[in-house]
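Number of protein chains: 2
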Amino acid sequence: MPIINLDHISSNPLMPEVKEAMIAAIAADYHNPSSQHRAGEAAAAVLEQSRETVAALIHAANPKEVVFTSGGTESVNHAVKGVMLANTKKGRHVVISNIEHNAVIRSVRRLKGLGYQVTSLDVDAKGCVNPADVAAAITDETILVSIMHSNNETGTIQPIEEIAEITRKKKVIFHTDAVDSVGVVPIDVQSLGVDLLSFAANSFYGPTGVGGLYIRQGTNVWPLLDGGTQENNKRAGAENLIGIIGMAKAAEIARQKLPERMAYLKRLKSRLINALPGYIDDYIINTPENSLPNLVSLSLRYIEGESVMLMLDDEGMAVSTRSACASGSLRASHVLLSIGLSHADAQGTLVITLGIDNTEADIDAFLKALQKVVKTLRDISPLYQKA
Amino acid sequence: MPIINLDHISSNPLMPEVKEAMIAAIAADYHNPSSQHRAGEAAAAVLEQSRETVAALIHAANPKEVVFTSGGTESVNHAVKGVMLANTKKGRHVVISNIEHNAVIRSVRRLKGLGYQVTSLDVDAKGCVNPADVAAAITDETILVSIMHSNNETGTIQPIEEIAEITRKKKVIFHTDAVDSVGVVPIDVQSLGVDLLSFAANSFYGPTGVGGLYIRQGTNVWPLLDGGTQENNKRAGAENLIGIIGMAKAAEIARQKLPERMAYLKRLKSRLINALPGYIDDYIINTPENSLPNLVSLSLRYIEGESVMLMLDDEGMAVSTRSACASGSLRASHVLLSIGLSHADAQGTLVITLGIDNTEADIDAFLKALQKVVKTLRDISPLYQKA
Numbered sequence: 001m002p003i004i005n006l007d008h009i010s011s012n013p014l015m016p017e018v019k020e021a022m023i024a025a026i027a028a029d030y031h032n033p034s035s036q037h038r039a040g041e042a043a044a045a046v047l048e049q050s051r052e053t054v055a056a057l058i059h060a061a062n063p064k065e066v067v068f069t070s071g072g073t074e075s076v077n078h079a080v081k082g083v084m085l086a087n088t089k090k091g092r093h094v095v096i097s098n099i100e101h102n103a104v105i106r107s108v109r110r111l112k113g114l115g116y117q118v119t120s121l122d123v124d125a126k127g128c129v130n131p132a133d134v135a136a137a138i139t140d141e142t143i144l145v146s147i148m149h150s151n152n153e154t155g156t157i158q159p160i161e162e163i164a165e166i167t168r169k170k171k172v173i174f175h176t177d178a179v180d181s182v183g184v185v186p187i188d189v190q191s192l193g194v195d196l197l198s199f200a201a202n203s204f205y206g207p208t209g210v211g212g213l214y215i216r217q218g219t220n221v222w223p224l225l226d227g228g229t230q231e232n233n234k235r236a237g238a239e240n241l242i243g244i245i246g247m248a249k250a251a252e253i254a255r256q257k258l259p260e261r262m263a264y265l266k267r268l269k270s271r272l273i274n275a276l277p278g279y280i281d282d283y284i285i286n287t288p289e290n291s292l293p294n295l296v297s298l299s300l301r302y303i304e305g306e307s308v309m310l311m312l313d314d315e316g317m318a319v320s321t322r323s324a325c326a327s328g329s330l331r332a333s334h335v336l337l338s339i340g341l342s343h344a345d346a347q348g349t350l351v352i353t354l355g356i357d358n359t360e361a362d363i364d365a366f367l368k369a370l371q372k373v374v375k376t377l378r379d380i381s382p383l384y385q386k387a
Numbered sequence: 001m002p003i004i005n006l007d008h009i010s011s012n013p014l015m016p017e018v019k020e021a022m023i024a025a026i027a028a029d030y031h032n033p034s035s036q037h038r039a040g041e042a043a044a045a046v047l048e049q050s051r052e053t054v055a056a057l058i059h060a061a062n063p064k065e066v067v068f069t070s071g072g073t074e075s076v077n078h079a080v081k082g083v084m085l086a087n088t089k090k091g092r093h094v095v096i097s098n099i100e101h102n103a104v105i106r107s108v109r110r111l112k113g114l115g116y117q118v119t120s121l122d123v124d125a126k127g128c129v130n131p132a133d134v135a136a137a138i139t140d141e142t143i144l145v146s147i148m149h150s151n152n153e154t155g156t157i158q159p160i161e162e163i164a165e166i167t168r169k170k171k172v173i174f175h176t177d178a179v180d181s182v183g184v185v186p187i188d189v190q191s192l193g194v195d196l197l198s199f200a201a202n203s204f205y206g207p208t209g210v211g212g213l214y215i216r217q218g219t220n221v222w223p224l225l226d227g228g229t230q231e232n233n234k235r236a237g238a239e240n241l242i243g244i245i246g247m248a249k250a251a252e253i254a255r256q257k258l259p260e261r262m263a264y265l266k267r268l269k270s271r272l273i274n275a276l277p278g279y280i281d282d283y284i285i286n287t288p289e290n291s292l293p294n295l296v297s298l299s300l301r302y303i304e305g306e307s308v309m310l311m312l313d314d315e316g317m318a319v320s321t322r323s324a325c326a327s328g329s330l331r332a333s334h335v336l337l338s339i340g341l342s343h344a345d346a347q348g349t350l351v352i353t354l355g356i357d358n359t360e361a362d363i364d365a366f367l368k369a370l371q372k373v374v375k376t377l378r379d380i381s382p383l384y385q386k387a
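Respectively, the protein sequence lines represent chains P and V.
Each residue of the first sequence is one higher than the last, beginning at 1 in our numbering.
Each residue of the second sequence is one higher than the last, beginning at 1 in our numbering.
Chain P on its own, in the form it takes in the complex:
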């Protein structure tokens, strides 16, 4: 049975052009870009060309401000730990939000274990951080503010520009985890005004296990990986050149097709949201207006999201109950509790993420399957009977 992928945030398919570029890179079998003979120089040229292409996607002023990493999680760890450790003489305080990805939350938890202080800000019912709260949280000890660009469970897009104005005024470094935004919505590090920005290739139909960290020139940050002089001394280790070449191809296409893709995804998303009342009731849409074009968070009351996910799987449809990175945990999502959902509603939540490979027929098939699954589960739900 072919699977309808409605879990793109966990894994986007590779673009055919990305596959071709990676296969060509495997055939070319480049030498080490750090080697100073001609075989090394040929590899270095491809690496730097890839850096230019990726830098263009986020409008970095200088390609050298882009550091290639092993993905969004490494980028975030590098940014958060690297900035805090590098600036300890100035202070030990970091400000985040309650709905950050675990890469941020668990990174600052490590720092806490080393004697650093963390302030984590509440969000409103839409999942939005209030810039005034950021301003109020910053002290003389604050080194870093890390607020995500978009949330991976609700799709909420944060007021990054407004927060950046505050951090600039207060001379605090600002990192944004834009892993689910880069290549999905327009991202311009100049207009955003951030100092560091994390991203991952798979979000724009490139390979997993490769990503990047934008580091604005002059930002004081330690490498996470110490060793050789690769990546302009910002990230040691032999490069995953095949992955980087795939990411560059994906970035090139994403930049060209961004408006078209956004319009298409928004249309599918609207089709889904608008049709829902015809299929189910007793649900909550957790995704606000200003959100990712490809994400719908849907809380199905009185039933377990996990059960819905598994039954949809039997129907040949992949959805997520929360971030794939958090799977394996049985606790309710910290994000959904933070926006004010009850524990029960949080547990009944599906994250549906659309991709450019989805069709209107996929949406319609999903709605039908969802109707069936929800009815089956509610028929045996004591909570539903009681309500």
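It is possible that some hints are incorrect.
[Stated by the list, open to error] Calculated cross-link-like contacts (lysine-lysine; reagent style BS3-like; alpha-carbon spacing at most 27 Å):
1) V/Lys89 - V/Lys112
2) V/Lys19 - V/Lys171
3) P/Lys19 - V/Lys112
4) V/Lys89 - P/Lys90
5) P/Lys89 - V/Lys19
6) V/Lys257 - P/Lys89
Just so you know, the hints here were simulated from the structure itself, not pulled from any lab data.
Let chain P serve as the given structure and place chain V on it in line with the hints.
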């Protein structure tokens, strides 16, 4: 002009079977192994199968003791920083050797900046650490000993078993950087007795940007990458599954062909060393008897290794003057100074690393080219004229 690669330590070519496996992985375009629907489960199955294959290469008791990383540098950073930060309550002292790779040296330098203490041990003229020195260096504050399995510039293989006996007795954690050994010489984490062991796929003709860290069950170590629950909670972040599949295929072949490969490389290495006196004089072989089968370190007196490398490049031959990871630095190699070479002799050093794709004809062509280049450079060397 086809290039004769005598710089395999900087980059080994991909085995044809590895290329095939990676191309098949690109075509399969797996979903996220952390997703709990069937698309995720299919990816997880491939991931765990790869882990078993890689674990077999190093004789890990349990595949779960193998953590996939973005390469040797990440593995080393994870091991060194992870162990020291996790065990701060017990102490803050780490013991390394003077000839470790920069991944180790710069990792402990970071720790020093955070108030940790480092003891770096001398080596003898062969590049060997004396186990008695390790025993003497360990204090009640010592958490970790990190001594490399083989050195990337001299090829020296260290007495890891003897050191492990000491660390076990003294209840100190022992990490070995085996990046240039795994897949090249037999590595058995049981007989070595180490607690952690770093390795990289490219050393055994797998892709760059992917590697592993062996962590013996029960070893107290923090993740370097915090976030999701991937890799049994030891390394967060979506996996580079295409690279991991390539590494597993390379590991499978390496395990089968190790004796054959070693015999072949030793024969080429002997041919090179034995023939040298017929082509050049005034040189030093820095590689001791007990060394990697594929590495020859050669100090050419009175001339610059950099110039030799560039002129050999013009002859279509790739060699290294030192670790590719250290290229970009003009300082003499810390390894060569540590084994007692003068600054001048250190600067005149070539690292020749052979691969299974090299032939006897490559060796003969190299010897002829080397003779020509050395003569040209010595004819214009004031140092040589004076001597």
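Hints, verified against the model:
1. A hinted pair counts as satisfied when its Cα atoms are at most 27 Å apart, and V/Lys89 with V/Lys112 qualifies at roughly 16 Å.
2. Using a Cα cut-off of 27 Å, the hinted pair V/Lys19 and V/Lys171 is violated, with the two alpha carbons roughly 43 Å apart.
3. A C-alpha spacing of about 44 Å is found between P/Lys19 and V/Lys112, which places the hinted pair above 27 Å, so the restraint is violated.
4. The straight-line distance between the Cα atoms of V/Lys89 and P/Lys90 is roughly 25 Å, inside the 27 Å bound, and the hint therefore holds.
5. Distance restraint check for P/Lys89 and V/Lys19: the Cα-Cα separation of roughly 48 Å exceeds the 27 Å cut-off, and the hinted pair is therefore not satisfied.
6. Only pairs whose Cα atoms come within 27 Å are accepted, and V/Lys257 paired with P/Lys89 is rejected, the gap being roughly 53 Å.
The earlier numbered hints that this structure contradicts are 2, 3, 5 and 6.
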